[in-house]
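Peer 1: Protein chains in written order, with the working numbering: chain A, 1 to 289; chain B, 1001 to 1305; chain C, 2001 to 2252.
In short, the hints are calculated from the structure, not lab data. All values derive from a computational prediction rather than experimental measurement. One or more hints might be untrue.
[Said to hold, decoys possible] The following label-pair restraints were derived from C-beta to C-beta distances:
(1) B:Phe-1006 - A:Ala-47: 41 to 51 Å
(2) B:Ala-1108 - C:Gly-2015: 28 to 38 Å
(3) C:Gly-2015 - B:Phe-1102: 16 to 26 Å
(4) C:Asn-2237 - A:His-18: 52 to 62 Å
(5) C:Asp-2076 - A:Ser-274: 42 to 52 Å
(6) A:Ile-40 - B:Leu-1144: 25 to 35 Å
(7) A:His-18 - B:Phe-1035: 48 to 58 Å
[Claimed, not checked] Here are a few chain C residues that sit away from chain A, every Cβ distance over 12 Å (derived from the structure):
(8) Pro-2058
(9) Asp-2173
(10) Asp-2229
[Stated by the list, open to error] Take a look, some chain A residues computed to stay more than 10 Å from chain B by CB distance:
(11) Pro-65
(12) Arg-174
(13) Leu-180
(14) Ile-191
(15) Phe-227
(16) Ser-231
Every residue gets a Cβ at the ideal spot worked out from N, C-alpha and C, and that includes glycine.
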Amino acid sequence: MKIDQFKTRSKVRTISDHLVTSLAVIATALVVTPLVAIFIYLVYKGASSLNFAFFTQVPKPVGEPGGGMANAILGSGILLGLASCIGVPIGISGGIYLAEFGRGTKLANAVRFTADVLNGVPSIVMGVAIYALIVNPQKHYSAFSGGVALGIMMIPTVCRTTEEMLLMVPHAVREAALGLGVPNWRSVLSITLKTASPGVITGCMLAFARVAGETAPLIFTALGNQFWSTSLNQPIAALPLQIYVYAISPYDDWHRLAWAGALVLIILIVLAVSLVRYVTSRGVLKGAS
Amino acid sequence: MVLCAFSIFGIVILIAWQLILRSQLAWDKFGMSFFYQVFTDSYTQQKLYWDPVNEHFSALPFVFGTLVSSFLALLLAVPLAVGLAIFLTEMCPRALRGPLAFLTELLAAIPSVIYGLWAVFVLVPLLREHVNPLLIRSLGWTGLFGDDNPTGLGFVAAGVILAIMILPIISSLTREVMTAVPHSQREAVLALGATRWEMIRMAVLRNARIGIVGAIILGLGRALGETMAVTMVIGNSPEIHHSLLANGSTMASVIANEYAEASADMHLSALTEIGLALFIVTIIVNALAQLLVWAVTRGAPRQAH
Amino acid sequence: MGVGIEVINLNAWYGTNHTLQDINLNIPANHATALIGPSGCGKSTFVRCINRMHETNPIARVKGTVRIGDLDIYEDAKPVEIRRRVGMVFQRPNPFPTMSIYDNVAAGLKLNGFSNRRALDEIVEKSLKNSALWDEVKDELKKKSGASLSGGQQQRLCIARALAVDPEVLLMDEPASALDPVSTSKIEDLIFQLKSKYTIVIVTHNMQQAARVAEKTGFFLNGRMVEFDSTHKIFTNPSDKRTEDYITGRFG
Chain A
1 MKIDQFKTRS
11 KVRTISDHLV
21 TSLAVIATAL
31 VVTPLVAIFI
41 YLVYKGASSL
51 NFAFFTQVPK
61 PVGEPGGGMA
71 NAILGSGILL
81 GLASCIGVPI
91 GISGGIYLAE
101 FGRGTKLANA
111 VRFTADVLNG
121 VPSIVMGVAI
131 YALIVNPQKH
141 YSAFSGGVAL
151 GIMMIPTVCR
161 TTEEMLLMVP
171 HAVREAALGL
181 GVPNWRSVLS
191 ITLKTASPGV
201 ITGCMLAFAR
211 VAGETAPLIF
221 TALGNQFWST
231 SLNQPIAALP
241 LQIYVYAISP
251 YDDWHRLAWA
261 GALVLIILIV
271 LAVSLVRYVT
281 SRGVLKGAS
Chain B
1001 MVLCAFSIFG
1011 IVILIAWQLI
1021 LRSQLAWDKF
1031 GMSFFYQVFT
1041 DSYTQQKLYW
1051 DPVNEHFSAL
1061 PFVFGTLVSS
1071 FLALLLAVPL
1081 AVGLAIFLTE
1091 MCPRALRGPL
1101 AFLTELLAAI
1111 PSVIYGLWAV
1121 FVLVPLLREH
1131 VNPLLIRSLG
1141 WTGLFGDDNP
1151 TGLGFVAAGV
1161 ILAIMILPII
1171 SSLTREVMTA
1181 VPHSQREAVL
1191 ALGATRWEMI
1201 RMAVLRNARI
1211 GIVGAIILGL
1221 GRALGETMAV
1231 TMVIGNSPEI
1241 HHSLLANGST
1251 MASVIANEYA
1261 EASADMHLSA
1271 LTEIGLALFI
1281 VTIIVNALAQ
1291 LLVWAVTRGA
1301 PRQAH
Chain C
2001 MGVGIEVINL
2011 NAWYGTNHTL
2021 QDINLNIPAN
2031 HATALIGPSG
2041 CGKSTFVRCI
2051 NRMHETNPIA
2061 RVKGTVRIGD
2071 LDIYEDAKPV
2081 EIRRRVGMVF
2091 QRPNPFPTMS
2101 IYDNVAAGLK
2111 LNGFSNRRAL
2121 DEIVEKSLKN
2131 SALWDEVKDE
2141 LKKKSGASLS
2151 GGQQQRLCIA
2161 RALAVDPEVL
2171 LMDEPASALD
2181 PVSTSKIEDL
2191 IFQLKSKYTI
2201 VIVTHNMQQA
2211 ARVAEKTGFF
2221 LNGRMVEFDS
2231 THKIFTNPSD
2241 KRTEDYITGR
2251 FG
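Work out the full structure, taking the sequences as your base and the hints as a guide.
Peer 2: This is how it looks when you write it as structure tokens:
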């Protein structure tokens, strides 16, 4: 067998092949670099400002050194708690409806589409809408309005992941429940839901982590607060919001606090995402088999 | 159960309704020209777009800013995202794939405000000291890189940070549609004597191209609505310049900056109308993207990595 | 014109699975050779070692010698070059769905830099005629996509695509197993006509098919080649008991 007459092009083809491989590797390196750079810089800048005071004190007036973001951490906690009360039930119910009762119907498709629309709404627009719906009639900013905004933003993620996790429950499990003579939809649901629960919980965690870092919807709903506050009816501080305000301020002390806050926030989010990945790769499959 | 599902409808309808209601004032006064009219400052005879004091409201600079920053971001992000996707699906050694995919996922999870923080303190000085002067020197003749804004803020800064932010989405989705291409297609091309790049080009990219376009459009959708990071680095000036290094504003950033302090009804209404426009545009763009991606992945089962 | 294939001490692995063990055989030029055996016996792996497709799997490994004509394909040539000269038709038809019929057939040629329009037209027509598809598609060459054809037509399109680059060897991995009986017999007729021009190796689990189209047959079992002889002998008077058991249906 002879190597053929097309050899003239083979050099070009080989070179193109190697070239593309190099480009792909370069692209990968360029993508990984900012990520690593951001993380390293965050740790470098934030770690030095992280101390006990950060977690226990409220911000000091400008010019006085020290202080912390305790109020912002608490505020975020309160806001996220409220958000979960809204986002989780509605999202899970929506997901159950899509997976169990409405599967394949036009209505279900419409619900799914609507959830996707909700997901795509820019967070700032959500803030505007909530301002109009709650802040304006109440004539004051409040933690309540911020929590509602965040809660609504959680719904699509929770709904989608719940539906996906429920659909992953093998048919055998449902058939076993039916075979036991359990016709009541509620019982069937509790078996299926229980099987899928690790996945559903991870979905909630994912949504939680996502809204934990949201700033835009809070700018004119929760507004932010320099002082300690636990009331739902007053403006409240939030970690990402505080980071934003401090970052664009002209004071070095506040910049330091911003970095520290960013470090805390990113650690929480990385933990959440890693946990989600860990559970998804093991938990659901284990639970279902 | 069904009630909760219906509440999702209700929420979206409520949002849309409120946005329409509150922008009524500005809509009644300006109509469609709200988005393109140009005013003239009575003192300086300069072009004027956004003057809350004199009730001159034109959204043109913000539409311009949104489009320019988003397309600049796409220009930077798409080649990198597709390159990353190609590397991860077709070239990456198995051991590296998991960690790299996880890293990309982390990139997607970083909140916008942290990107903004990093951009303000690291990216902008970098641009100011090193990159922008280089751009002015080498590409200033195009007219796109003027030298009257030495702050490092502006469209280039916004474009770069936006590119970093939309990269993970475009890349993940591209990977998904590339993986959905059946193995038999790859083998068919290889058996004809193709090199690896030729195989990727003919079997994978060609078959997945509709989905890749969908991924890019989804990235665009995300870029259009992105607020915090952009607000922190774009300079917040309601003007239109031909220089990419100039300060500007986007639809999202002007709302973020002015909404809390706006007191006049017309001002608030104008801002709400901008919000409404953003709402409608992102719905359309996202719906289009979903359609394209769905068309490609519909047959193939979801594959985990 | 086809060339002969010489296989010497071929071993292949998938990870730790020793899929092929010490295979030795000589496949004659311009003949059709059938490879039979139960599922998982290694016949597909063997065939994929001939055009170096086996190694596209990251956990695959090959040791031994395969000579096509006078060329040692593992020592003296690159995979891309080999696959250009050895055509392959797969079990399930895999035409390119985004390309027209014409472009499907021309795909291999275009990869190699063929751009002369008229020459391409000629080769496409010749290949489609050789795969008995020309009459059915000649009016819609550029309008219909490769995937819009029926299963049997798609497989003949894949054969045309493989023939277009003028290979010397044609490997067919159970080419008719996914097709209906009518299409199957069309493919078999095709092989009959093609074998005078190419060296054909066909993997099949259908013994009647082997008997119909091939002059020589090899029986594979558990990664080893048990017997390789003229088809007639294998099916009427096999030397090895295992071959006889398989032929008579005692297992597999």
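Peer 1: It remains to establish, for every hint, whether it holds in the given structure.
Peer 2: Comparing the hints with the structure gives:
The given range of 41 to 51 Å is respected by B:Phe-1006 and A:Ala-47, whose C-beta atoms sit roughly 48 Å from each other. Taking 28 to 38 Å as the suggested C-beta distance range, the pair B:Ala-1108 and C:Gly-2015 conforms, at roughly 34 Å. A beta carbon spacing of about 25 Å between C:Gly-2015 and B:Phe-1102 agrees with the range 16 to 26 Å that was offered as a hint. Judged by the Cβ atoms, the range 52 to 62 Å given for C:Asn-2237 and A:His-18 holds: they are separated by roughly 55 Å.
Between C:Asp-2076 and A:Ser-274 the CB atoms are about 50 Å apart, so this pair conforms to the stated range of 42 to 52 Å. Between A:Ile-40 and B:Leu-1144 the beta carbon distance is about 33 Å. The supplied range of 25 to 35 Å therefore holds. Between A:His-18 and B:Phe-1035 the C-beta distance comes to about 49 Å, which sits within the given range of 48 to 58 Å. Here C:Pro-2058 stays apart from chain A, with its beta-carbon at least about 16 Å from theirs, past the 12 Å limit.
For C:Asp-2173, the requirement that its beta carbon stay farther than 12 Å from each beta carbon of chain A is met, with the minimum near 21 Å. No beta-carbon of chain A comes within 12 Å of the beta-carbon of C:Asp-2229; the shortest separation is about 25 Å. Annotated as non-interface, A:Pro-65 keeps its C-beta farther than 10 Å from every C-beta of chain B; the closest such distance is 20 Å. Against the 10 Å criterion, A:Arg-174 stays outside the reach of chain B, whose nearest CB is about 17 Å from its own CB.
Interface exclusion of A:Leu-180 from chain B stands, the closest Cβ pair being 22 Å apart, more than 10 Å. The Cβ of A:Ile-191 lies farther than 10 Å from every Cβ of chain B, with a closest approach of about 16 Å, so its non-interface assignment holds. Non-interface status of A:Phe-227 relative to chain B is upheld: no Cβ of that chain comes within 10 Å, the nearest being about 18 Å off. For A:Ser-231, the condition that its CB be more than 10 Å from all CB atoms of chain B holds, with the nearest at approximately 20 Å.
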